Amino acid sequence: MSHRLKEGGRLIDRSQPKFFTFNGQSMAGFAGDTLASALLASDQLLVGRSFKYHRPRGIVTSGPEEPNALMNLGKGKTFEPNARATTTELFEGLAAESQNHWPSLEFDVGEINARLSRFLPAGFYYKMFLWPRAFWKHVYEPFIRQSAGLGKAPRHRDADHYEHMHVTVDTLIVGGGIAGLNAAIEAAEAGRQVLLVEQTPHCGGRAPVDHAEIDGEPAQDWVDARVAALAAMPNVRLRTRAMAAGVYDHGYALVKERLTDHAPDPSRPRHRLWKVRARRIVTATGAIERPLSFAGNDLPGVMLASAVRDYVVNFGVAPGRRTVVVTNNDDGYRTALALKAAGLEVPAVLDTRTEAMGALAEAAKEAGITVRVGRGIESVKGKGKVEKVWVCDQTRDGFNADPIDADCVAMSGGWSPVVHLWSHCGGKLTWDEAGAFFRPDPERPPTDAKGEGFVRAVGAANGDWDRAGEQPMQPVWSMPEQAGYALKSKSWLDFQNDVKVTDVELAAREGFQSVEHTKRYTTLGMATDQGKLSNINGLAVLAGQLGDEIPNVGTTTFRPPYTPISMGAIAGEARGALFQPIRKTPIHDWHEANSAHWEPVGHWRRPYAFLQEAESVHDAVMREVHAARTKVGLLDASTLGKLIVKGPDAGRFLDMLYTNMISSLPVGKCRYGLMCTENGFLTDDGVVARLSEDTWLCHTTTGGADRIHGHMEEWLQTEWWDWKVYVANVTEQWAQIGVVGPKAREVLEALGCDLDLSAERLPFMQWRDGRIGDFDARVFRISFSGELSYEIAIPTSQGRAFWDALLEAGKPHGITPYGTEALHIMRAEKGFIMIGDETDGTVIPQDLGLNWAISKKKEDFLGKRAQEREHMTDPLRWKLVGLETEDGSVLPDGAYVAEPGVNANGQRRVQGRVTSTYYSPTLERGIAMGLVERGPDRMGETLEFPTIGGGAVKARIVSPVFYDPDGEKLNG
Amino acid sequence: MVDLASALSEAASSGAIRVEEAGLCGMVTIRGDLTDATFTDAVQAATGIRAPAERGMERVGANALLWMSPDELMLTCDHDAAGDLVGKLESALAGQHHLAVNVSDARAVFRLSGDDGAVRDTLAKLTPADMSVGACPVGAVRRTRLAQAAAAFWFEAEGEAMVVCFRSAAGYVFELLKTASASGAEPGYFAGD
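Protein chains in written order, with my numbering: chain A, 23 to 994; chain B, 2 to 194.
If you are wondering where the hints come from, they were derived from the structure by calculation, not from laboratory data. Hints may be right or wrong, so weigh each one.
Beta-carbon label-pair distances, calculated as ranges [what the hints assert, rightly or not]: (1) B:ARG56 with A:GLU211: 23 to 33 Å; (2) A:GLU211 with B:ALA46: 48 to 58 Å; (3) B:GLY185 with A:ALA636: 39 to 49 Å; (4) A:SER289 with B:ASP81: 37 to 47 Å; (5) A:SER638 with B:ASP4: 32 to 42 Å; (6) B:ARG56 with A:SER638: 51 to 61 Å.
No farther apart than 25 Å at their CA atoms in a straight line, the calculated lysine to aspartate or glutamate pairs in the DMTMM-like style are these [as the list claims (entries may be wrong)]: (7) A:LYS297 with B:ASP131; (8) B:LYS89 with A:GLU715; (9) B:LYS89 with A:ASP791; (10) A:LYS653 with A:GLU635; (11) A:LYS297 with B:GLU176; (12) A:LYS746 with B:ASP72; (13) A:LYS746 with B:GLU73; (14) A:LYS653 with A:ASP641; (15) B:LYS89 with A:ASP671; (16) B:LYS179 with A:ASP611; (17) A:LYS746 with B:GLU55; (18) A:LYS28 with A:ASP65; (19) A:LYS746 with B:GLU91; (20) A:LYS653 with A:GLU637; (21) A:LYS991 with A:GLU782; (22) A:LYS653 with A:ASP826; (23) A:LYS297 with B:ASP116; (24) A:LYS405 with A:GLU119.
Here are some, though not all, of the chain A residues that point toward chain B, as calculated from beta-carbon distances under 8 Å [as the list claims (entries may be wrong)]: (25) GLU185; (26) HIS188; (27) THR190; (28) PRO603; (29) LYS746; (30) GLU754; (31) ASP796; (32) SER819.
Note that the structure is predicted; figures quoted are calculated from it, not measured. Glycine residues also receive a C-beta, built at the ideal position from the N, C-alpha and C atoms.
Given the sequences, and given the hints that come with them, work out the whole structure.
This is the structure in structure tokens:
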């Protein structure tokens with residue numbers, strides 16, 4: 023049984039007990055423990071059920087490569103699935119639950135799958151659930167979802183918060199082991215700005231466990247001295263608990279730092295995602311030990327040999343009392359020696375090699391440990407845990423095996439350098455025959471903008487470690503070598519995804535030659551551990567079955583992140599109030615205080631309507647329209663785009679951008695202009711005012727301000743780079759307020775005005791600068807409602823005060839602020855189009871009857887040639903008309919005009935659609951605009967609009983101008 | 002007199018550093034050919050400030066010229082001085098292709114003050130720009146973004162940075178700066194050098 027040793031454990035503090043729960047049961051560990059070491063100390067070998075067969079599983083490793091010990095941590099708003107117990111630092115009150123078990127960890131119904139395992143081979147789901155088709159959704163998928171899966175997705179909003187950090191350094195060093203520390207000192211001494219990140223809380227890597235001395239110094243002293251030296255250098259930053267997740271183009275790397283996982287504190291960010299821009303990246307990420315593939319290698323109690331000694335040395339925890347070591351290299355002996363030194367039994371070291379003559383083997387023999395060469399494990403047996411190890415001749419088929427009683431097996435199949443970060447951005451690998459692993463090929467590194475390598479692997483990550491006095495390892499991909507189906511079908515390659523040797527062999531027999539395809543077919547190397555243990559063993563089996571060399575089969579692609587990173591860290595600060603910027607006009611606070619019902623328009627929030635007590639949104643809109651039509655309304659139009667276009671070539675430039683003539687507009691006057699893309703489609707509209715001889719002010723739609731500014735800059739910078747034009751976006755310099763309705767002039771005059779606002783002195787479509795009250799104003803006589811209307815631009819800092827002054831001055835006239843819906847209804851009553859309603863990127867101005875705004879005199883403008891194409895001049899194009907329902911109801915938005923017959927896809931044929939539809943309080947009936955085939959030629963015709971619930975509404979084609987067709991209201 | 006309002010009524014927060022809205026500031030966008038001495042001379046004649054070097058700034062009293070791009074400068078001044086300065090620029094630049102436009106009210110300005118490293122740490126959480134002293138010394142102007150909003154900033158002095166953003170995004174940017182400088186969230190990367 024696993025237990026805490028009386029002494030030892032270099033990372034724990036026995037004076038600080040920490041209490042935690044596992045599946046609701048209270049347990050204790052010490053400060054410095056990981057959840058895994060604390061579980062082992064509490065004799066909790068069984069930590070989960072496997073993904074597919076629900077087999078009992080135990081802790082296999084002591085690091086980020088752990089496939090089995092995945093936990094649900096926390097509850098409710100701090101719940102997190104798939105946390106690796108081996109990297110979770112213990113804290114007081116930690117609550118962990120095992121995953122993928124039902125109803126309980128000890129008694130799991132899904133275990134029946136294990137008995138059926140010969141019916142669930144690789145590709146089973148693909149083959150089984152193809153037919154009948156309809157069964158997938160209703161029968162198969164729900165069943166599979168119930169029986170498979172790791173952690174559950176959190177159901178609550180995350181209580182923690184997260185942040186990002188951007189830094190630029192000369193050298194990023196990943197890994198604080200011997201190689202990383204040496205590389206950091208080297209770079210720092212050369213004067214580089216260095217950032218060293220280490221994923222665990224401690225620097226030193228494996229050194230303090232595996233090496234008594236470094237350069238003649240005790241290993242820990244060596245590490246401490248280097249860390250202290252680096253800390254004293256001003257050009258070095260060292261972060262622990264910081265895992266480099268990915269390396270990307272241009273020396274960009276992502277690092278996830280864990281701030282409070284080990285000491286929860288809701289007031290601090292939980293994770294910080296570092297976005298590092300490094301000139302050079304050094305990966306000193308070490309190596310991961312490989313399991314051996316023998317029958318029963320997934321029983322709880324079978325662990326990596328390196329993990330077994332980590333638990334003994336680092337945490338003073340013995341994974342078992344009697345441990346059989348099985349190895350194909352000298353490292354297994356380190357574990358045997360560590361166990362022996364801790365006073366634990368090692369009944370045998372099974373060495374697959376025919377002789378054991380390395381220094382470590384000799385030391386083991388000297389310590390009195392039985393070494394059996396040429397031996398392997400036929401199988402490990404036991405009920406839910408290791409009980410007996412059957413030892414056999416490694417070169418044969420397992421015949422004539424003899425048993426050893428044991429409660430732990432420490433296996434070492436050699437080491438694989440951690441090449442992930444090297445590979446993320448295109449670094450290539452080369453096969454190392456001697457070590458039987460892939461290592462970074464220094465000739466083919468990931469390259470920077472100059473074609474130079476920007477990642478360098480050092481130390482174990484580069485396949486370089488001290489092998490002095492060691493005997494060569496022996497590649498072992500199957501144990502025993504001649505194992506038959508019965509053994510191989512119990513030999514796990516991928517613990518997390520329940521992939522066995524026989525599954526990969528079956529895939530190869532079924533024709534899967536590519537390792538990438540085999541991965542998808544068998545699920546080898548998928549899910550949260552991404553094959554950190556299984557990768558090499560799996561592809562070696564595949565190569566063996568294909569009769570090919572391992573380097574020819576190659577690896578699957580290494581992709582970021584190295585280990586999973588939290589969604590919260592990716593989002594950073596972008597949540598809640600900071601999820602997205604919300605743009606606010608200077609009058610926003612007033613809107614908010616006056617019950618605005620908001621509508622998002624781009625990043626702005628605009629009032630859709632202002633709700634008075636107990637009023638519905640619809641009623642508010644009706645009231646607002648009525649007020650503007652009969653008295654006076656007030657509109658915050660500040661969000662409208664305002665672009666200054668200035669220069670000797672500005673007129674010529676605007677003539678190219680707009681369909682109509684802008685250069686001829688006299689100073690002081692305004693013109694409604696249309697802008698098209700080079701494909702002829704309407705993209706924006708607005709009123710253009712000429713401010714001076716060489717300066718125009720172009721109004722755009724709210725959503726168009728930045729887009730049209732960019733559009734102008736693009737043409738100026740790419741095509742007409744020698745035209746003398748400057749553009750400035752002054753949208754936010756001005757608050758723009760519409761004073762709309764028959765009483766508009768009276769309200770403005772009440773404020774005191776140095777301008778003559780009469781229709782004679784300030785006619786429609788003109789503007790003047792002046793003062794209204796104490797305000798600096800630019801007054802535009804423009805109207806989007808059909809009423810007498812002044813749009814007044816005021817410097818933004820005066821905007822709120824002006825709004826308040828208008829409300830005060832307008833009181834006697836019943837002035838009524840209105841929102842975007844009233845604006846829309848009034849423009850629709852007048853038949854004015856709206857970009858985004860009447861246009862959708864496929865509509866040209868001619869479709870909307872706007873031919874009057876398309877210059878025939880101009881030689882060219884953006885869209886002109888496109889609009890001459892055959893399809894654009896087709897008389898059958900859908901064109902703008904008004905629509906009036908026979909029963910006065912409101913047409914459904916987007917409804918199609920039906921036509922008899924069906925199209926090639928068996929769908930009802932259509933001949934038009936509704937683009938805008940409202941209830942008009944002015945006309946007291948539904949009104950709509952739509953695009954209808956030859957619409958303007960079919961006035962008076964009745965059309966049928968099928969509705970979603972079945973049935974149809976009938977509407978007549980009419981003029982789109984429903985209200986005041988002669989424009990009598992315009993001058994009040 | 003009209004009550005002028007800045008975006009956030011000079012909101013402030015104190016965490017690892019102090020963040021305060023600087024109130025209304027004068028700002029003029031100037032476009033022209035910065036490689037043409039006739040242009041830069043005229044700007045100097047109007048403002049009394051010589052053109053700054055690339056990514057730099059020049060200050061004379063309350064006014065400063067900031068380099069924005071190869072054909073753009075920004076003049077900062079007192080809020081009520083901007084209108085007159087636009088007039089002076091237009092006279093001095095008459096006959097040359099240029100643009101001078103008052104954008105004071107289109108912007109919000111924040112002052113970040115405290116330990117120089119802590120100010121840099123705060124900004125580094127939000128901008129991809131290199132916040133090291135070497136890359137962003139006092140007097141260097143940086144146009145970049147803070148999280149999802151466009152912004153520019155510069156250090157007036159050690160431990161004092163000015164941040165400019167669009168006025169409509171002021172609430173968002175203030176909340177960003179406040180969150181990034183919250184006590185307990187100090188990354189201690191630039192701070193403690």
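Verification of the hints:
no., hint, result
1, B:ARG56 with A:GLU211: 23 to 33 Å, "holds, 31 Å"
2, A:GLU211 with B:ALA46: 48 to 58 Å, "holds, 52 Å"
3, B:GLY185 with A:ALA636: 39 to 49 Å, "holds, 45 Å"
4, A:SER289 with B:ASP81: 37 to 47 Å, "holds, 43 Å"
5, A:SER638 with B:ASP4: 32 to 42 Å, "holds, 35 Å"
6, B:ARG56 with A:SER638: 51 to 61 Å, "holds, 55 Å"
7, A:LYS297 with B:ASP131, "holds, 11 Å"
8, B:LYS89 with A:GLU715, "holds, 19 Å"
9, B:LYS89 with A:ASP791, "holds, 20 Å"
10, A:LYS653 with A:GLU635, "holds, 21 Å"
11, A:LYS297 with B:GLU176, "holds, 21 Å"
12, A:LYS746 with B:ASP72, "holds, 12 Å"
13, A:LYS746 with B:GLU73, "holds, 14 Å"
14, A:LYS653 with A:ASP641, "holds, 17 Å"
15, B:LYS89 with A:ASP671, "holds, 23 Å"
16, B:LYS179 with A:ASP611, "holds, 20 Å"
17, A:LYS746 with B:GLU55, "holds, 22 Å"
18, A:LYS28 with A:ASP65, "holds, 15 Å"
19, A:LYS746 with B:GLU91, "holds, 16 Å"
20, A:LYS653 with A:GLU637, "holds, 20 Å"
21, A:LYS991 with A:GLU782, "holds, 15 Å"
22, A:LYS653 with A:ASP826, "holds, 18 Å"
23, A:LYS297 with B:ASP116, "holds, 23 Å"
24, A:LYS405 with A:GLU119, "holds, 22 Å"
25, GLU185, "holds, 5 Å"
26, HIS188, "holds, 5 Å"
27, THR190, "holds, 4 Å"
28, PRO603, "holds, 4 Å"
29, LYS746, "holds, 4 Å"
30, GLU754, "holds, 4 Å"
31, ASP796, "holds, 5 Å"
32, SER819, "holds, 4 Å"
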